[in-house]
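Once you have looked at the hints, place chain R on chain G.
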Amino acid sequence: MTNDEWLNIINKIDDGFIDELVNDQLQRDQANEKKSPRKELIVLKPKYYRPDPSPKSRKPFKMVMIAAAAVVCVIAVGIFNRMKYEPETILPNDSTGASNGNQSNSSPDLQHPEIPPEVEKVYEIDPIQLNEYLFKGYDSEKVKQYDKLNVYECSLMQLDKNAFLDFFSEPPTQNGNSYSTDSESGNFVINGNTKPEEKNGEQFFMSYVDYRKNGMGSYLFIFDYFDKETNEHTRTNVLDFATREKMEKTVREVLSKFGDIEFQLTTRVVTSEEFSEASKKVPDMNWGPAADFYCIDGIMTVDGLPVTYGKNTYCDDNVIIAPTTFYAIYTENGLVDFELNNVWNVGSVISKSEILTLEDAEKIIAKQYPPEGQNPTQMIFGKAELYYRASYTKDGLRLVPCWGFYVNDTDPKITVNAITGEIL
Amino acid sequence: MDDHKIVCLFLERNELALKEVSQKYGAYCHKIAQNILGNHEDAEECVNDTYMRAWDSIPPNKPTSLGVFLGRITKNLSLDRARFLRCEKRGGNMEAVSFDELEDFLSENNSVESKSELNEMLDAINTFLRSLPAKKRLMFVARYWQCDKLSEIAARYGMAESSVASSLSRICGKLKDYLIKRGFDV
Chain G
1 MTNDEWLNII NKIDDGFIDE LVNDQLQRDQ ANEKKSPRKE LIVLKPKYYR
51 PDPSPKSRKP FKMVMIAAAA VVCVIAVGIF NRMKYEPETI LPNDSTGASN
101 GNQSNSSPDL QHPEIPPEVE KVYEIDPIQL NEYLFKGYDS EKVKQYDKLN
151 VYECSLMQLD KNAFLDFFSE PPTQNGNSYS TDSESGNFVI NGNTKPEEKN
201 GEQFFMSYVD YRKNGMGSYL FIFDYFDKET NEHTRTNVLD FATREKMEKT
251 VREVLSKFGD IEFQLTTRVV TSEEFSEASK KVPDMNWGPA ADFYCIDGIM
301 TVDGLPVTYG KNTYCDDNVI IAPTTFYAIY TENGLVDFEL NNVWNVGSVI
351 SKSEILTLED AEKIIAKQYP PEGQNPTQMI FGKAELYYRA SYTKDGLRLV
401 PCWGFYVNDT DPKITVNAIT GEIL
Chain R
1 MDDHKIVCLF LERNELALKE VSQKYGAYCH KIAQNILGNH EDAEECVNDT
51 YMRAWDSIPP NKPTSLGVFL GRITKNLSLD RARFLRCEKR GGNMEAVSFD
101 ELEDFLSENN SVESKSELNE MLDAINTFLR SLPAKKRLMF VARYWQCDKL
151 SEIAARYGMA ESSVASSLSR ICGKLKDYLI KRGFDV
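Respectively, the protein sequence lines represent chains G and R.
Using our numbering, read the first sequence as starting at 1 and increasing by one per residue.
Using our numbering, read the second sequence as starting at 1 and increasing by one per residue.
Treat the hints as calculated values from the structure; they're not laboratory data.
Glycine included, C-beta positions come from ideal geometry on N, C-alpha and C.
Do not rely on the hints blindly, as some may be mistaken.
Only pairs whose alpha carbons sit at most 25 Å apart, straight line, appear in this in silico PhoX-like list of lysine-lysine [to be verified]:
1) G/12 x R/136
2) R/181 x G/12
3) R/176 x G/12
4) R/176 x G/281
5) R/136 x G/367
6) R/24 x G/246
7) R/19 x G/280
8) R/19 x G/281
9) R/174 x G/280
10) G/363 x R/135
11) G/367 x R/135
12) R/149 x R/135
13) R/135 x G/12
14) G/12 x R/31
15) G/281 x R/5
16) R/174 x G/12
17) R/24 x G/12
Chain G side only, calculated, beta carbon under 10 Å to chain R, not exhaustive [claimed, not checked]:
18) 3
19) 7
20) 9
21) 18
22) 19
23) 21
24) 24
25) 26
26) 250
27) 266
Isolated chain G (complex conformation) (with noise of 0.2 Å):
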């Protein structure tokens, strides 16, 4: 092979191999940002979001310290700054409880909880396509042959008497991309692909709804603007318009015309000033006028434990395999705007057994963890969660569930196969 043929084979590797690369930049790019002198000691540190079907009762039960205790002292301070803003649906186990996050009122007495003896470990995921066949699942043959599965007919479903989520339809065109602009109103914008998409030769396979009321200029993009962090673990007011129950309700009925799908919603309050703050970040961007509205994402889950997927993952098909994820924005005027993305399907269970422990996970942690070559550890993990992860295998889709150990609240750092005991 010449120099010139290697070029272009490697030229031509799959995204997978790139997004990871690029995807690992990023990270470390972040954790250097943010790293500090103080951080170079090892402190594991891991809370446990108890799965549970109601995010509300979800409780932190312990905190490992492993540096000694008076570096642990100078170390809490920074991580009390870090983590200040703990979300509210996590309460401590002591009674007296504030749920602020507050690092020096965690105990080291907090109870361990009760990890399930037999869990449903290993699920089966189904794709969905969003068009003619809205709600079926399609299992993993049918993926294959998605090319065949190309409707164009639109299927009309009203949301409320206002507006409709319409899938736009018509002859794919060049690259497979269908999206546009509802012409009549100008009012929402649907986005949906009826064929997969080529790129690069290769074709993908991905689906998303995209709802809006307001035009272009987004509210939803008020998440990238503004410090929801601070907002989710500090706001519990309820707005004039709609209490948060009848917000959610309204919410979950649109969510269940995308079939049984559970999911885990976290909701925000943001004000009219908080708003107009914002939008001044960005003042290119259309963002409607200013309002007191409620901010709501989700995620789905499974038995009550959110399904995530790490990152994008590419199956032999080319299938993109990405987390379920949901935003909208309520205000007075009702859902404004509707995104949901990649729907997925959950199909039966495949095998059950005992899941490792958070100390058996952290154990193998501390044995394998820095990979040889690395420089002694620098992590500190603000908490650990139990979570399905989507996973392509020779037999399809699974739903595998891991234990993500998290330095930030965002992306696991190191996830542990909590069946058996693999770092992936």
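Below, chain R alone, put in the same frame as chain G:
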């Protein structure tokens, strides 16, 4: 801002997309271009061309991974430019990028002749890469796709440069064995 929202901005023809892309992926794209071109000004030009290419191609494209999408554009533009510059300056069709540690792997004698053979080999390499531990795979892709310097990889993974070189050499050795076993003439 996450990729999906940036792509939405592109689809809306909102020039904020370019700002967001520059903020999130500017350094990454510049790194790829710089690795290949070795010149800051040329790299900067390539990165700007990348943004314009992305602007022109989204829509109709709607990339699911913006990083990969931009990275591929940057790399192709950079390779084209490197080949052009080398041809122009040195009067010959020199290789744009070469890797010293691939000396045993590459040869001018055994050429991949057909496109189908090339595709088969690509499939085999993809399969081989999937079988690698994540860290080794990252090193491989960083070196041979992103054209990172050995020293950069070493710094990123807290390794000595010589360890990176020998590790990559072993991976390439294994890849060569893997391909030979599958009937490829390498």
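Cross-check of the supplied hints:
1. G/12 x R/136: Status holds; Cα separation ~19 Å.
2. R/181 x G/12: Between residue 181 of chain R and residue 12 of chain G the Cα gap is close to 22 Å, so the pair holds against 25 Å.
3. R/176 x G/12: 18 Å, holds
4. R/176 x G/281: 53 Å, violated
5. R/136 x G/367: 20 Å, holds
6. R/24 x G/246: Not satisfied, since the Cα-Cα distance of roughly 38 Å exceeds 25 Å.
7. R/19 x G/280: Measuring from Cα to Cα gives roughly 16 Å; hence the hint holds.
8. R/19 x G/281: It holds: about 13 Å lies between the C-alpha atoms, which stays within 25 Å.
9. R/174 x G/280: 55 Å, violated
10. G/363 x R/135: 21 Å, holds
11. G/367 x R/135: Within the cut-off at roughly 18 Å; holds.
12. R/149 x R/135: 16 Å, holds
13. R/135 x G/12: 20 Å, holds
14. G/12 x R/31: OK: residue 12 of chain G and residue 31 of chain R at ~19 Å, within 25 Å.
15. G/281 x R/5: 16 Å, holds
16. R/174 x G/12: 20 Å, holds
17. R/24 x G/12: 23 Å, holds
18. 3: 5 Å, holds
19. 7: Holds. Min distance 6 Å.
20. 9: 5 Å, holds
21. 18: This interface hint holds because 5 Å falls under the 10 Å limit.
22. 19: Given a least distance of 5 Å, the restraint on residue 19 of chain G holds.
23. 21: 5 Å, holds
24. 24: 6 Å, holds
25. 26: 8 Å, holds
26. 250: 24 Å, violated
27. 266: 16 Å, violated
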